[in-house]
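**Q** With chain X fixed as given, assemble chains D and H onto it according to the hints.
Here is what each chain is made of, one letter per residue.
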Amino acid sequence: MTTETPIDITDRPAADGADEADAPLAPHAAADLPLERALEALLIVADEPQPLTDLAAAVGAPLREVSAAIANLVADFDGLTGGVRRGFELREVGGGWRIYVRTDYDEVVTDYVHTQNPARLSPAALETLAVIAYKQPITRGAVAAIRAVNVDSVVRTLAGRGLITEVFTDSETGAIHYGTTDLLLTQLGINSLDELPPISPLLPDGADGFDSDLRPA
Amino acid sequence: MTTETPIDITDRPAADGADEADAPLAPHAAADLPLERALEALLIVADEPQPLTDLAAAVGAPLREVSAAIANLVADFDGLTGGVRRGFELREVGGGWRIYVRTDYDEVVTDYVHTQNPARLSPAALETLAVIAYKQPITRGAVAAIRAVNVDSVVRTLAGRGLITEVFTDSETGAIHYGTTDLLLTQLGINSLDELPPISPLLPDGADGFDSDLRPA
Amino acid sequence: MVPSPDPVLDTPDSGVFRVALSNFDGPFDLLLTLIGKRELDITEIALSAVTDEFLEYLRGLDAAEEMDRASEFIVVAATLLDLKIAGLLPQGELVDAEDVALLEARDLLFARLLQYRAFKEAARWFEDRLRVESERHPRSVRLEEKFRESTPELHWTLGVQDFAALALVALTPREIPTVGLDHLHAPLVSIREQAAHLVAMLRGGEPMSFRRLISGVTERGIVVARFLALLELYRHAAVSFEQIEPLGELTVTWSAADWNAENLANLGADYDN
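Protein chains in written order, with my numbering: chain X, 5 to 221; chain D, 5 to 221; chain H, 2 to 274.
Bound-form chain X, shown alone (with noise of 0.2 angstroms):
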């Protein structure tokens, strides 16, 4: 950590607006309110994720400006855009955008908030976990299989904690096959399943074989 860190505006792109970062903003139809303070009220009350195609119904604009809207305020809070870096950061995860506090300041708000973070995953249920992410939807024969033991409290266990969930259910052999859920995502801090990182590298003869439907390099 260094020293005070006093934003330098002498490079503000609108040299004499008060409110510049409203200015190209046309008020919104819908609403008639600038669409950028609208879709951060909304993300104040929101608790969880909020997906583009929900914030666009709610501010009743098109998918393309809310979306440039959204880079715009994550710029604004980042301090790209002429102000402060804020204490707080605009997070695209688990397929929507939501509020966190910056890295900058998690040691100050952990020491003021207590939270309880959940039980850590047993070594069993993140090997269990990788195999579901990687090979969905796959049941838990399979994913016994691959790990060589019985899975099915482990299962139970990771679908309690939301964290998979249950796809579809063969119709011909009635076995359930499971997949991750968006709350997976959010907790790994990712947006989709393409960020996971690439298994094929660890793998012998990368996508030889068996192995060939595990996502590639």
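It should be emphasised that the hints constitute simulated quantities derived from the structure, not laboratory data.
All values derive from a computational prediction rather than experimental measurement.
Heads up, a few of these hints could be off.
To give a feel for the contact side, a few chain H residues facing chain D, derived at Cβ under 7 angstroms [to be verified]:
| id | residue |
| --- | --- |
| 1 | H138 |
| 2 | R140 |
| 3 | V142 |
| 4 | R143 |
| 5 | F148 |
| 6 | P153 |
| 7 | L155 |
| 8 | H156 |
| 9 | W157 |
| 10 | V161 |
| 11 | F164 |
| 12 | A165 |
| 13 | L167 |
| 14 | L169 |
A virtual CB, placed ideally from N, CA and C, is assigned to each residue, including glycine.
**A** Chains D and H in isolation, oriented as in the chain X frame:
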């Protein structure tokens, strides 16, 4: 996104800062972080209005400084310090400070809250409610283990609807135990929980066994 | 902290292999530990040594208490036993179909071990991310009173009997615990996996008869899967067939000009569900 705003750490004469909220702030001793930023980080996660004294203790700064910083933040969010007028505002309510949606955006938010909270409970919410009714007092973790799905948001909804309430918190584990309210009895048309029809006593006690590796949050 | 009476996996000095059951999570874990302990690549030499230790370990299990664990090892133990036999056979005389089958079984075991290890590594990434992220603070605050009050009134239609029925459904265990029977009946055979074998045998080599391509295979499922895999390869113009007379010898020739792993990855996708 605009060009990156370089952070000027070389130091700035505080006097000519004019509009920069950060400028007059010396780096804070405790956290070595800009005071206003640390405060907004705290306020962004705060559920209830935060007394000034608590905030001062959290950031380890004198009350007077914190009070001034809060005043700056209010002005900042109100767009009086050169920035935009935010979709949220900082208000003093009941002896503490909390971030609220700015009144101008109430309508957008209200509409959104309505779409998120339909008049009918979802099947998942009803099932969770039934489990809580018959197994109370019960933790979220135990309900999740019985239903094999994450019930966090559903429990929030039910609590928000006033159908369930926190009964007590386990002093050791910190786990919150939930029970049903009189409102549920009213909805069901019964006078007491004793009037709930008995269900098979042969059912395994869901709280036993498989959820042992879950620590209820 | 629960005292851990036997945290070490082995006692190198005494040379006696011991293992704390709570410290590993199944046969593959144990195998990896054993292999790691040898500090050897997974080679035949390492394997035979590992096999000995593994069998020694099994012998040392308290049958009454460790039955559950032990049963999980049977499949691996059986495979390893086979492999040990293969190791005892004279080298360079791999004409016997059974030898070939043993080698295939070994390859399969190695492949599965490596796959297992890959997921173990991936699990570490998950662990790190989950830990880092659990220290972050998302905004998650109670809805302001005025918005809570403005939510539409609850539309409640459920009678008390319906509510009880719902409870009964919700409280009935959804998954009946089952005993793993995978080792008792034929596992599903992957066409893609069999195709990989075929590609390995055919690519860049002499034409081979189908008979040869399935030599050593005793499981009908694998024979069928190899045949289907051949048809899939034919569909991708990776092989050509020659059959002089009906029901005569089927000769398969590798014919793909360029073939890569991606072709294999997409092969047999029709059979995936």
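**Q** For each hint, tell me whether it holds in the structure or not.
**A** Against the structure, the hints:
Here the hint on H138 of chain H is kept, as its CB sits about 5 angstroms from the closest CB of chain D, short of 7 angstroms. Taking 7 angstroms as the C-beta cut-off, the interface hint given for R140 of chain H holds, the closest approach to chain D being about 5 angstroms. Given the 7 angstroms rule on beta carbons, the hint for V142 of chain H holds: about 5 angstroms separates it from the nearest Cβ of chain D. Evaluation of the R143 of chain H hint against chain D yields a held restraint, the C-beta minimum of about 5 angstroms falling below 7 angstroms.
For F148 of chain H, the interface hint holds, the least distance from its beta-carbon to any beta-carbon of chain D being 5 angstroms, beneath 7 angstroms. Interface restraint check for P153 of chain H: the shortest CB-CB distance to chain D comes to about 4 angstroms, inside 7 angstroms, so the restraint holds. For the restraint placing L155 of chain H at the interface with chain D, the shortest Cβ-Cβ distance is roughly 6 angstroms, inside the 7 angstroms limit, so the hint holds. Because the beta carbon of H156 of chain H sits about 4 angstroms from the nearest beta carbon in chain D, less than 7 angstroms, this interface hint is met.
Hint status for W157 of chain H: holds, given a least beta-carbon distance of 4 angstroms to chain D, under 7 angstroms. Against a cut-off of 7 angstroms between C-beta atoms, the interface hint on V161 of chain H holds, since the closest Cβ of chain D lies about 5 angstroms away. Hint on F164 of chain H holds. Least Cβ distance to chain D is approximately 6 angstroms, under the 7 angstroms limit. Checking A165 of chain H against chain D: minimum C-beta separation of about 4 angstroms stays under 7 angstroms; hint holds.
For L167 of chain H, the shortest C-beta to C-beta distance to chain D is roughly 4 angstroms, which falls under 7 angstroms, so the interface hint holds. Taking 7 angstroms as the C-beta contact cut-off toward chain D, the hint placing L169 of chain H at the interface holds, the least distance being around 5 angstroms.
Violated hints for the displayed structure: none, as all numbered hints are satisfied.
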